[in-house]
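Colleague: Residue strings, one per chain:
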Amino acid sequence: MLPMNVKSSSRRSLWRRFIAQRHLQVMALLGVAWMIIFNYIPMYGIIIAFKEFNIVKAISEAPWVGLTHFKEFLQDDNLPNVIRNTLGISLIKLCIGFPLPIIFALFLNEVRSVRYKKAIQTISYLPHFLSWVVLGGILATWLADVGIINHILQALHLIDEPISYLAEPKYFWTIIISSDIWKELGWSAIIYLAAISGVSPDMYEAATIDGAGRFQKMWYVTLPAIKSTISILFILAVSGVLSSNFDQILVLRNSLNDSASNVIDYYVYQTGILSGRFSYSAAVGLIKSVITLILLLIANKVSQKINDTSLF
Amino acid sequence: MFAIKRKTKGEAIFDIINNFGMLCICFLTLYPIWYVLVNAFNNGNDAMLGGIYWWPRMFTLENFKAVFASPGIMQAMWITVAKTAIGTVAHVLFTAMVAYAYSRKGLIGGKFYILLGTITMIFSGGLIPGFLLIRNLHMLDNFLVYIIPFMFSFFDLIIFMTFFREIPEGLEEAARIDGANDWSIFLRVVLPVSMPVIATIALFHGVFQWNDYFTGMIYINNENLQPIQTYLFRVVAQSSSNQMMVAVQGSAINRTVTSQSIKLATMVVTTLPIVFVYPFLQRYFVKGMMIGSIKG
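Those protein sequences? They're chains D and G, same order as listed. No gaps in the numbering here: position 40 of the first sequence is 40 in the numbering used here, and each next residue is one more. No gaps in the numbering here: position 125 of the second sequence is 125 in the numbering used here, and each next residue is one more.
To be clear, the hints were calculated from the coordinates, so they are not data collected in a lab. Given the structure is predicted, the values throughout are model-derived calculations rather than measurements. Just so you know, not all the hints are guaranteed correct.
Quick look at which bits of chain D chain G covers, simulated, 3 or more residues with Cβ under 8 Å [stated by the list, open to error]:
1. 101-108
2. 136-142
Reference excerpt, derived from the structure (chain G facing chain D, CB under 7 Å, subset only) [as the list claims (entries may be wrong)]:
3. Ile13
4. Pro32
5. Met97
6. Ala101
7. Ile108
8. Leu115
9. Leu127
10. Gly130
11. Ile218
12. Tyr219
13. Asn221
14. Leu232
Don't be surprised by glycine CBs; every beta carbon is placed ideally from N, CA and C.
Isolated chain G, as found in the complex (with noise of 0.2 Å):
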């Protein structure tokens, strides 16, 4: 009856206007984005001058060539994507095993330990009761930091356990009766066909763990062991540029460059492994998005 759509006045009028407030949105979204890549790109006394908006005016690749020579912004960057791979492979692997227990049907006290983990989700102790904790632990200066306390998160769990109470129950069978036991059957059967909500979980975790400096902040000195972002924190919050430049100068220091053109050249390299990244699990997060959503 209505095969035949065409527009109304108003509403082509109102398609030209939303389209063009979404490429406004995109635009603003993108070009600070933009103003600090070609910043990173351009020679650093130059760039002090101001005024660069959208191209380079005198290209350079000095900046980066200082950033990947400078042995402390290497080393934070190493202990980055060791805490980033090490933090996310525990996490999901950890939680998910959890999950996989939590979402059994007679699972004696079942209830009771869904109900411990929904009382963490409300309450806390707070940040001094879990420093303290952490002290206590002797995981202060600790690679362990990064990791074992950001094991587990309840609000992942009732994504996975979601998810696990969907899969077939005939596929389990199968496995048991071929003399599979549950650790078999979490690894080998259920693992392979939760793969949309592990890269959902995996990708969040990955996203924290690499942009996550509070953790280096207050629970590491050692300097060998800070992650790029407390590094980059510690310039750039605390505006101390002079650190940058002593950093680089084990390096053969160039004129051209300058403690503000680094920053922006590690920010840059910083930010570019989550945005390869990202694209590519994008399909799979907004279904995970959802799914926590139905239990809040």
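Isolated chain D (complex conformation) (with noise of 0.2 Å):
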């Protein structure tokens, strides 16, 4: 018998305790009522990856057909530029983009001047306040015929005609690649800084007693004070490398440049939006997302392996 009543009592005190926070409890289920519509029904959307969709009818009255949509994906002819360029775009931002800010966060922090340090931070991180609409007008003038680059390309006798440089695709990298960084480098310091910030000076003092000069400073005691936050920053590149900054290459494509700018977020958007093949794009958008889920744990246990920093 007693066990009975414990349950039924504490079962009774577990509802008088959820009336007594029902204020708290309807704020928070106000936030699961959201999730569930905008995250998880998506999710259960995802099915008609599996299903021949057509926009009139439900999704449970689409019939199944399995594979198929996935099959034709691999079979498709632009399966290797996708790959290529969604690839080829996210390697190189990874090995350029991602040390470029650490670097230029040691060497800001070695600035002496403090209102300097200031004035070149506020500088460095307004363009990430710019949108990619309006950098891709900055770039097209920039790039224009009549534009600065041919300019001083022209002045220099380095090229006899002026080049148009969205129109070609073998610019089309670069111009990603530099932008991104230009519009970031600031930005993505800001963590690192404020990571070294938190460095005591006891150990920068031993170092100087020790005889350390400026870069031995940098290398041996700033670099591993801050090797897990560049450790957690990097698991999240990783599992950012086939979203391949889909609003920088959507404001820079053209047809002219497509076979270097067609990542694979575009081709979902196209395929999907566009043409209306939800089904079919559907597809490539749940392959993106389960080898992203993937890149996202090695990263992470990798991470866990070598220096003990983890997400989860």
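Join the two chains, each given in its own frame, into one complex according to the hints.
Modeller: This is how it looks when you write it as structure tokens:
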């Protein structure tokens, strides 16, 4: 008898506690409701990748087609190009765009004057606040036939005729990667600077007494101190490898540079939203999500093994 | 012991090179923006010849007059202002409210709610299922599409939650003794003491709302509802410059104005509000980024 009594009374007290916190529960459940509608229903919607979805019918009515759409993508002529562009752009961004803010933060930290340092910081993260649309406009102005780049190159006699950079696939990756670095260098450095500012001054003093120079202090004191921050951001960067900044690509791509600019995100957008092949496009999107998830887990595991830092 | 700090020769050289490098980075950052600015203030036909690097050659305000006289551009501007203002307030209030509830000790189901949110950070439905949802909710060509789908972010919730947990419990106790319930504690005690984190999230979300063109591009067909970034996208990326001229034709068209010069002026007008706001909020967001980074 006793256990049952305890059970029912604990259930009753649980209910009483729930009633006591009803205001908080309303707040919490509004959040849960939002997540169910805007996060979980789309997750359920993924099943259209395995169906022949038709826009006029409900998802549940659409016939199952198994892995047809996935097979179709593997045989698609666009596949090699899309994979090459997605991985190429992202890996170069990872190799160049990831370490640069760290180097910038290390050197900015060595600037002695506080006011000068603040001014540099303020200037360096200004571009982060510009939209890719505006940046696309700036780039178009710079790279135009009468733009400054062509002017300089012609003045230096490096080229005879103005080049239409955005119309040539071979320049596209360079434009994408350098403009991304231009936009985000200062902003990405903030987090490292914040981490550096937490390093104890004693460490630097000790290093000075040991006779360390500026570079040695950077290498042996500052860098190890921000190692865990670097690891976390690296995990996030690796998991973002397949999302090579859609906003930016969309602004800078055009039909002339398509062979260098068609990445997986654009391909999903083009086949799904523009051409209305929802099921096929959802299948491609699902492949991307799954690979991204696997990359995230691998990067997390590796980082855990190497230096005991992980996201979860 | 080391009261007198003397620079060695090597240190001095390092400082000079480092400072020079930093100056170069500042120049490279600012100059592209400056270049657009001077060209926007130049006579359009003259600018087409190129070669304007430091100052306008034929200074004029005509481009900006044309922008402000164009009903299409101004309508898009108002939509942007409205969606940024309403969207940011809705996002901050709603996310903070949920975060407040999640941050309370002893909330029944609290662990489960947080697990639900964590899953959304790792996995999502993707573009197409998201699009179909918005379509089924009848939010296509509806102003609400800028607000409701962006009202909540679990990432921002974590930042709020970390902050709320630091608030001394005594503050809340005192309000409860005075007869306040959870709603009034949240609105009148918690929110006012959380200004730094609110400013951070508001800045981030405000910038997102102001700069977002993708929502307007895929969910909105009605030109009266498109934000300025979508408008710009259509003329910049799709280089349909004629659209720009058509847009301005309501006003008395001036020969010194070209579609290119209006484009530049529109870019400047679009960017100015952000450039003005962010130095004021700067001291907050470094702190906010740190809070966010602790939990990843």
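Colleague: Taking the hints in turn, state whether each one holds.
Modeller: These are the hints, each one checked on the structure:
no., hint, in the structure
1, 101-108, "holds (count 3)"
2, 136-142, "holds (count 6)"
3, Ile13, "violated (10 Å)"
4, Pro32, "holds (6 Å)"
5, Met97, "holds (5 Å)"
6, Ala101, "holds (4 Å)"
7, Ile108, "holds (5 Å)"
8, Leu115, "violated (11 Å)"
9, Leu127, "holds (6 Å)"
10, Gly130, "holds (5 Å)"
11, Ile218, "holds (6 Å)"
12, Tyr219, "violated (10 Å)"
13, Asn221, "violated (12 Å)"
14, Leu232, "holds (5 Å)"
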